[in-house]
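Here is how the chains run, residue by residue.
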Amino acid sequence: GAVVSQHPSWVICKSGTSVKIECRSLDFQATTMFWYRQFPKQSLMLMATSNEGSKATYEQGVEKDKFLINHASLTLSTLTVTSAHPEDSSFYICSAREGHSGNTIYFGEGSWLTVV
Amino acid sequence: AQSVTQLDSQVPVFEEAPVELRCNYSSSVSVYLFWYVQYPNQGLQLLLKYLSGSTLVKGINGFEAEFNKSQTSFHLRKPSVHISDTAEYFCAVNQGGSEKLVFGKGTKLTVNP
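Those protein sequences? They're chains A and B, same order as listed. Its first residue numbered 1, the first sequence is counted upward by one per residue in my numbering. Its first residue numbered 117, the second sequence is counted upward by one per residue in my numbering.
By construction, these hints were calculated from the structure, which means they are not laboratory data. Just so it is clear, CB atoms sit at the ideal spot from N, CA and C, and this is done for glycine as well. Be careful, since some hints might not be right.
Per label pair, the in silico range of CB-to-CB distance [what the hints assert, rightly or not]: (1) B/184 with A/14: 45 to 53 angstroms; (2) A/66 with B/133: 44 to 52 angstroms; (3) A/13 with B/215: 25 to 33 angstroms; (4) B/156 with A/66: 26 to 34 angstroms; (5) B/124 with A/59: 24 to 32 angstroms; (6) B/199 with A/82: 40 to 48 angstroms; (7) A/18 with B/216: 22 to 30 angstroms; (8) A/64 with B/131: 43 to 51 angstroms; (9) A/27 with B/195: 31 to 39 angstroms; (10) A/112 with B/131: 24 to 32 angstroms; (11) B/221 with A/87: 15 to 23 angstroms; (12) B/156 with A/7: 16 to 24 angstroms; (13) A/64 with B/224: 27 to 35 angstroms; (14) B/155 with A/86: 25 to 33 angstroms.
The calculated lysine-lysine pairs, modelled on DSS-like cross-linking and capped at a C-alpha distance of 25 angstroms, are [unchecked claim]: (15) B/216 with A/55; (16) B/165 with A/41; (17) B/216 with A/66.
So here's chain B without its partners, still in its complex pose (with noise of 0.2 angstroms):
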């Protein structure tokens, strides 16, 4: 079975400070993976993926991964974030060939001024 670990629940930084949110997932096989961020009391957008090629990944809003496969992580990465980037942010993974998405517990990214 799958499982996403997203190893901080809460992630304070000050604007303009490089930030990285960490994820981890478990499968026993190919995996797509997936962040999405969460503003309140809306839906989920999807920030970027990986499915297969470069391992580094670059989406929107400046943000940008990296699929590590020895260390199955992807961890999200920003060099310099905005007070609009607060909100909460979702790693999520399903199989290659599953329609269903797993999702970690989210991390919730606070830019302080």
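One chain only, chain A, in its complex shape (with noise of 0.2 angstroms):
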């Protein structure tokens, strides 16, 4: 199946820092790429919607400003947490859409980042 891939997989950054995260579709175009947010022992919270090219589309209560997303190109999205606080300690993971897979997305092996 088409393989996505997350960088780094762990991040430890001290609060008031930003720290990006790279998500990347190794053998396929993704137009759109998804940004998710996992508590501990929790299900995914989709943050936002990432479009090749254009702004992304974010979820009722996230922070746009905050959570800045960029999707230059059709295989790399990226994930920046502007001054980071601990409260946004957590398990994030992107997904992409294979354009003509009928609707399967792919996920990323996701990203762990810690703010102390």
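Reassemble the complex: the two chains are provided individually, in unrelated frames, and hints are given to aid placement.
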């Protein structure tokens, strides 16, 4: 199946700094990517839909100025957590839709963010 | 609005026993249905999907699921589980034409020796 890769897998940053997480589709072009957040022992919460060449669409309650999303190419979307705080610590997962595979969405391995 | 209910938050079973993980959804229009598996500290891996056609869908690792429109269910089954099947399983749905996936809360399957 299609492969989606995230980097880094683990990151620790100081409170107040910004951190960037990359999501790449390795063997297909993804016009649309999705960013999720998963708290421990909970389900995935969709944060935003990332569209190549246009602005991301954020879900209700997600601060777009805090979670900056850039989808500059058909294989790369980035999520930047700005001015991170300890409550931003979470597991962030991206996914991408393979354009011609019948709505199948593939997920990255996830990125653990710890803000200290 | 769509919603997904996974009735069991935890399912413990013994190795080689059969297992069924339940999933019900609510939607007023046609849907696509998915099961994903998440191993500890990892992302999600697609197990199987129902888009159309045969209501019995076979996936990887010996799993299968049956779409039941009248009961709005998409239960996941495996006739004989292994220790390595221990993981969190998520049922997800999206409406035909929509790109958003709505996830259930997950079912933690623990296979004991």
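Now the hints, each set against the structure:
no.: 1; hint: B/184 with A/14: 45 to 53 angstroms; in the structure: holds (51 angstroms)
no.: 2; hint: A/66 with B/133: 44 to 52 angstroms; in the structure: holds (46 angstroms)
no.: 3; hint: A/13 with B/215: 25 to 33 angstroms; in the structure: holds (30 angstroms)
no.: 4; hint: B/156 with A/66: 26 to 34 angstroms; in the structure: holds (28 angstroms)
no.: 5; hint: B/124 with A/59: 24 to 32 angstroms; in the structure: holds (27 angstroms)
no.: 6; hint: B/199 with A/82: 40 to 48 angstroms; in the structure: holds (42 angstroms)
no.: 7; hint: A/18 with B/216: 22 to 30 angstroms; in the structure: holds (27 angstroms)
no.: 8; hint: A/64 with B/131: 43 to 51 angstroms; in the structure: holds (47 angstroms)
no.: 9; hint: A/27 with B/195: 31 to 39 angstroms; in the structure: holds (33 angstroms)
no.: 10; hint: A/112 with B/131: 24 to 32 angstroms; in the structure: holds (30 angstroms)
no.: 11; hint: B/221 with A/87: 15 to 23 angstroms; in the structure: holds (21 angstroms)
no.: 12; hint: B/156 with A/7: 16 to 24 angstroms; in the structure: holds (20 angstroms)
no.: 13; hint: A/64 with B/224: 27 to 35 angstroms; in the structure: holds (33 angstroms)
no.: 14; hint: B/155 with A/86: 25 to 33 angstroms; in the structure: holds (26 angstroms)
no.: 15; hint: B/216 with A/55; in the structure: holds (16 angstroms)
no.: 16; hint: B/165 with A/41; in the structure: holds (24 angstroms)
no.: 17; hint: B/216 with A/66; in the structure: holds (22 angstroms)
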